[in-house]
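Peer 1: Protein chains in written order, with our numbering: chain G, 313 to 542; chain X, 313 to 542.
Some hints could be false.
When chains are identical, the list treats them as one kind, so a pair holds in a single copy or across two.
16 Å max Cα-Cα, derived EDC-like pairs, lysine to aspartate or glutamate [claimed, not checked]:
#1 K381 - E473
#2 K426 - D529
#3 K426 - E376
#4 K536 - D470
#5 K409 - E360
#6 K502 - E461
#7 K384 - D359
#8 K521 - D470
#9 K502 - D463
#10 K350 - E410
#11 K426 - D463
#12 K426 - E410
#13 K427 - E473
#14 K426 - D522
Just so you know, these hints were derived from the structure itself, not from any lab.
Protein chains: 2
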Amino acid sequence: MCNEKNAYTLILASASPRRKEFLEHLNIPFEIKTMSIKEETDCTLPDEIVLDLAKKKGIAVFNELQRLKDQKEKNSNFADSFFPLIVAADTLVFLGKEQLGRPRDALDAKEMLKKLSGKQHFVYTGVYIVCFDIEKNMQRERSFYCKTEVDFAHITEDFLEEYIKSGESMDKAGAYGIQGSALSFISGIKGSYSNVVGFPLYEFVVQLKDFLGCRDDNEGEWRKKFKRTK
Amino acid sequence: MCNEKNAYTLILASASPRRKEFLEHLNIPFEIKTMSIKEETDCTLPDEIVLDLAKKKGIAVFNELQRLKDQKEKNSNFADSFFPLIVAADTLVFLGKEQLGRPRDALDAKEMLKKLSGKQHFVYTGVYIVCFDIEKNMQRERSFYCKTEVDFAHITEDFLEEYIKSGESMDKAGAYGIQGSALSFISGIKGSYSNVVGFPLYEFVVQLKDFLGCRDDNEGEWRKKFKRTK
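Turn these sequences into a full structure, and let the hints guide you.
Peer 2: So, in structure tokens, the structure goes:
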């Protein structure tokens, strides 16, 4: 349907190096564009909170890119062939009803890990996809969330000190990353692993294929809808 | 109990870069020493197979290091202060009763992934710990295994081709690595994540502390039993 000119440019609306790394596995060139938003929501349920925050991040980038595109078209009197498809995500850790985001500082990180020590918690990621549909000539969006159960063993005081000092807690929801030395106190998980890292890759591919109206068993079909070069 | 002179040297009896990376998370210096063994066993059950192969790998390295130590002591007439504590592991993928090891070549990798596509399988890692106990003056060993459930979505033919071409299948049991682009077809796991990578880190720490007779809540105690410098 789409030739290279008439294809989407994949935009990741996140500065997370881990989300970037995961999206790279899909072998589609993408760009990173983020907008600073207030990470606030009126929602109260875990799934609603991450979905709302992901949407806020995604919409901010979409609107900005549309504004720039409109401006360009106005100045040149030609239709711009840039069609961004934006992907935004928000990941939070929930211990019962308590929400744990990124720690403010080392002390905050320590408090979070003390709370999580020896307990089971859930990691939620909300994902939001938005584009101006090239074929249907309208704005379209899609949201989904993913939930993974994570079991922590008891974290000893000494290890906690070491872990905080290592700096691995910073910039991660719940003050830990499953990729690093936290593995020595993570006794098990149930569900998507990539979701715990911050981006449910398998679920994203399934949703994206469906969003683009492509058959699940044809890799070529959905990939062709994206620009192959940056 | 042990001063720096009278402490263990941690030896990883595996050439796997992923096991090395995981062990590095423990912040104890270690050396890598491997011996070539025939990876054959008379065992038939998954847990028994990985335990037997891990032991074979570990014992080969232990015996070789003891031989070198004896030789050194014989020549110098002094007791050598090198006390190796060896850790060996073996990881296999089981699809029902069928055992999937490392693929021989790209064709073999493709066959394995086709078998695993759309199905649930189990990853087993057997871990073997052996040392000449400094305090008890005797050879001591410990074995345990870890089992994780992994769910694969359907892998499309196109993606399979790409994945094989990427080379990620090679040198990995079951022809996939959970760290890479396989995440786009791994729909979920249940149990230890590090076990799927090839070394159950949390379980190892628990077992090692107990093996060394150390309390679970004191990080300092078990770490002191190892040499802090290489």
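Peer 1: Could you run down the list of hints and mark each one as holding or not?
Peer 2: Structure-based check of each hint:
Taking the shortest Cα distances, K381 and E473 never come within 16 Å of each other, neither inside one copy (49 Å) nor across copies (37 Å). When the C-alpha separation of K426 and D529 is checked against a cutoff of 16 Å, the pair qualifies only between copies, where the shortest distance is 14 Å, while the shortest distance within a copy is 45 Å. Taking the shortest Cα distances, K426 and E376 never come within 16 Å of each other, neither inside one copy (40 Å) nor across copies (44 Å). In this assembly of identical chains, the alpha carbons of K536 and D470 lie at most 16 Å apart only when taken from different copies (13 Å versus 52 Å within one copy).
Taking identical chains as interchangeable, the C-alpha atoms of K409 and E360 lie at most 16 Å apart only when both belong to the same chain, with a minimum of 13 Å there against 42 Å between chains. For the homomeric pair K502 and E461, the shortest alpha-carbon distances inside one copy (5 Å) and between copies (9 Å) are both at most 16 Å. Proximity of K384 to D359 under the C-alpha cut-off of 16 Å is found in neither arrangement, the shortest distances being 38 Å within a copy and 64 Å between copies. In the homo-oligomer, the alpha carbons of K521 and D470 lie at most 16 Å apart only across protomers (14 Å), although the nearest pairing inside one protomer, at 47 Å, exceeds that limit.
When the C-alpha separation of K502 and D463 is checked against a cutoff of 16 Å, the pair qualifies both within a copy, at 9 Å, and between copies, at 11 Å. In the homo-oligomer, the alpha carbons of K350 and E410 never lie at most 16 Å apart, since the shortest distance is 20 Å inside one protomer and 52 Å across protomers. Taking identical chains as interchangeable, the C-alpha atoms of K426 and D463 lie at most 16 Å apart only when both belong to the same chain, with a minimum of 14 Å there against 32 Å between chains. For the homomeric pair K426 and E410, the shortest alpha-carbon distance inside one copy (14 Å) is at most 16 Å, but the shortest distance between copies (42 Å) is not.
Proximity of K427 and E473 under a CA criterion of 16 Å is satisfied intra-copy only: 15 Å inside one chain copy versus 45 Å between copies. Proximity of K426 and D522 under a CA criterion of 16 Å is satisfied in neither setting, with 41 Å inside one chain copy and 23 Å between copies.
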